[in-house]
Each structure stands twice: as structure tokens, then as C-alpha cells.
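Protein chains: 2
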Amino acid sequence: MHILITNDDGVHAPGLLALKQGLEALGQITVVAPARNQSAAGHRKTLHKPLRLEATCLADGSPAWACSGAPSDAVALALLGFVKEKVDLVISGINPHFNLAQDITYSGTVTAALEAVIAGVPGVAVSTEMRSPGDFAQAAQVAARVVRKIAEQGAPPGIVLNLNVPPGEIKGARITRQGQRVYRDALVERRDPWGRPYYWIGGEMPTGVAEAGTDVGAVLNGLISITPLNLDLTAREVMPALEGWGWSSTD
Amino acid sequence: MHILITNDDGVHAPGLLALKQGLEALGQITVVAPARNQSAAGHRKTLHKPLRLEATCLADGSPAWACSGAPSDAVALALLGFVKEKVDLVISGINPHFNLAQDITYSGTVTAALEAVIAGVPGVAVSTEMRSPGDFAQAAQVAARVVRKIAEQGAPPGIVLNLNVPPGEIKGARITRQGQRVYRDALVERRDPWGRPYYWIGGEMPTGVAEAGTDVGAVLNGLISITPLNLDLTAREVMPALEGWGWSSTD
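So the sequences go chain by chain: A and B. Heads up: the first sequence begins at 1 in the working numbering, then just goes up one per residue. Heads up: the second sequence begins at 1 in the working numbering, then just goes up one per residue.
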């Protein structure tokens, strides 16, 4: 099995190293990840400027490529042919913060895995809420277990598995759906030395609604959350109501 | 009705001006949009650096704010309190290229509208495939029609309406689901003056599968496409199979 590892915190982030070390017994590993932190980069395809891929190495001396673009760019370049050998799986992480509920649409970790699925390669995103360095190693072990299951069972086509591993004691694992986050963002105004305003998106960390069956509910109860994601955002349940609004040319 | 207009092509893009002119008879308009082109910026929340909002004006002399961040940042800042009056609707566009199928996850136009929905405000994204300047005016008229319907019927909660208006003659409108795009990206290697490689994500424009009932199918047949989108990417249909993989601690 040939596994491509990427992330959004940058190629030298400790979460990526932990993931690589947790997976290296399972097959061949290639690392192509952003040169710098791209957290909250969103899903991006850089078409307006060229991208660099520079050879580097991880803290354990193993080879890696540092990409000047977003996580999804790193995956796109790798799968479009920069990586010569066929890639069987793309895995992104380990993010030091959970990617739950609506976070998913902002998450570079998740969008790297979505990019893989668009290119026809199974994708996995791995996140934890890092409290001590051992949390990365624990999340990497869980990731390895999921990768072994994918190797045994085959990945569901067109699906990203979004894996969130709680820190500390783990009580089990659940297949979950996306839950709800409550964002507590606030506009924070500051003044520069010349009196001109600038703004931060500040406030408190988002909280979650610990609903049973959801990703948020699972991790708040010490359970590994495994959410299958697809790329279809269509809200089918509202389509009949919208059709009832009347769209003939005379309406 | 108080409408916030944004886009991803930058505050001075002609599509935004056309949209503003098409909607101004419907209520109060506030424009907060990226200072520069942010196409394919993806859904982003800029937390690691401060953002600027500079007063500017559109080509018709009307006031606007130019934001240093991504489209979703512009919406977040506006709705977090930079815009003092309550906003009833956020509308993003007019993008000069369609946002169809998997494009949605890359699209700054769509993610601006998703950000509005996360903040509890109805969101609409408007795109066309611009061939002549009149295409923007036509798409703006369609957007105005959709906004009037929202005012009459109420927006479905938590839903973005993703509107794609074909250029030229329009044969009707359809409520659609997300279809399939076929990307034809290619890795293009170039050399800098010092012989070092760099890369473009090149290739041909994506094509679409003209499946009936989909966004791609609609616009290829000269129909306005209106797709309701939500933020839940959960692939519910694969959850039972994943549960069958076995996740008890001994597996």
C-alpha cells in the first residue's frame, strides 16, 4: 500500500511526523505537505500562480516534499503526477484540534482528503485535541487501525473518512454524522500606531452540542468519531418546497 | 430588506456592480467584499492575522468596503457587527464562471454564502458563464427575482441557494441537485531562469456530465439552476457498511 501523507499545519508539524511514524509499518509512505501553516486555508485550487515543491526532511531524517500552496494543492500536484508511483490512500493530519460539525468546511485537513476523493483516491482526515504529546501517538495508532480496515474492506468510493480521536482515555469508536458547533466569534477592533482601525475575528473557542450519533457527541464522550463525508451538499429535503415557489416564466 | 453583497473577484469586479444595480430597488444594500481577487480561496476563517476594512466606492459612485481577507472573512466581519444594521440576506457574486458540482467546495462565491448561513443569515450565490457584458445584467435580473421570492416565501433555514444563470437565451428555471464535473487538470512543469522546477495546475477547463435534474444538466440546456445547499456532508448511505467493519476494542 502506497500512502500519501499531508496536512495543513506544515510539513514540519509534530502531528504529521507522528502520523508518518504510526503508518510506516503499513506500506510505502510519501509526504507532500504545505511548507508553512495553512490552517483554515479552506479548499483551494491555486491556478493563478505557480507552485514550488522543495525537497526537505522530517525530524526523523525521512524525506518529504514542502509545497508552497494549500493542502489541497499539495494533494493535487502529488496525484497529477509529481508522485510517480500510484497512490492508494491519502491521509491528512494529525491536526492538533478537532475538525467537527461545520468546522469541516473551513478545515485544510479535511479539504486535503476531499481533494484526494475528487481525484479518485480514498481520503482520510485525522484530528485530535492535543493536550499532551502522547495524544498524537494515540491518534496515529487509531489512524493505523482505520487504514488496516480500509486495506481489508476496501474504501467506500467517493467518501472521505473524517477521524477525530479524543485525547486521554478512549472508550470506543462510533460511526457518526456531522453535528452542530456553536461558534462564539466576536469582532475585535484594534488601532494601529497611526490610529487606523483593524479587526480580528476573535471571541471564544466554539463549543459543541453533545448530541448522540454525532461527531461532536462522540468526542465529548471519549469516543473515536469516524464520519463518512461526501462532496454533495444538496439539501434534498427542501427541493419540493422550492419547486412550489413557482418558477415558470410568468411568476 | 437589508442585503449584504460580497463576491470573490474583488470589490471592483463588474459582476458585483451588476448585482448591486440589479438589487438596489429591493431594499438597502451594503457592499463588503475582498479588496482583491480571491477566486478559489475556499472557505476560510482568518484567525492568525488582523483584517483591514477600507472605505471605497464602486464605479457608479456608491459606497463599499474593501476587506483584506477572503470572501468568508468579509461576511464574518460584516455580520459580527462591522455592519451595524441587521442584515436580512447575504448575496455573493456575480461570478463570471459557473459554480457547479464539485466546484462548490472550491468556490469563494459559494463559501461566502455558506458563511452567512453559519451565522444564521440566508445566503445566495450567483454565477454565470460570462460571454458578453449583458450576461451579468441578465444574471442580476434572475437574482432579483430569487430575492423577491425569498422575501415573499421566507428563506429555508440553514440553506444556501446556489444560483447558476446561463448566458444568452434562457429557457426556464429548475430546482436542481449537485451534479458531476470532470476535471481535466494536468501537472505542468516549468523551469525558472536558474533551472529550478516549478509547477502549474494546468490542463483544460472542466467539463460536466449533462445529467437531468442536476446543476450541470440545467445550465447546459439553457436553464437557470437553483440548488439548495446545506453544510452537512455526511454520507449517511455508507454508515451501515462502516459499522459492519467492526469497531469494538478487540477488532
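These are calculated hints, taken from the structure and not from any lab test. Be aware that a few hints might be false.
No distinction is drawn between identical chains; accordingly, a pair holds when it is met within one copy or between any pair of copies.
Each computed EDC-like pair below joins lysine to aspartate or glutamate, with the alpha-carbon atoms no more than 16 Å apart [what the hints assert, rightly or not]: (1) Lys49 to Asp192; (2) Lys149 to Asp88; (3) Lys86 to Glu169.
Status of the hints after comparison with the structure:
no.	hint	in the structure
1	Lys49 to Asp192	between (31 Å within a copy, 13 Å between copies)
2	Lys149 to Asp88	within (14 Å within a copy, 47 Å between copies)
3	Lys86 to Glu169	neither (37 Å within a copy, 45 Å between copies)
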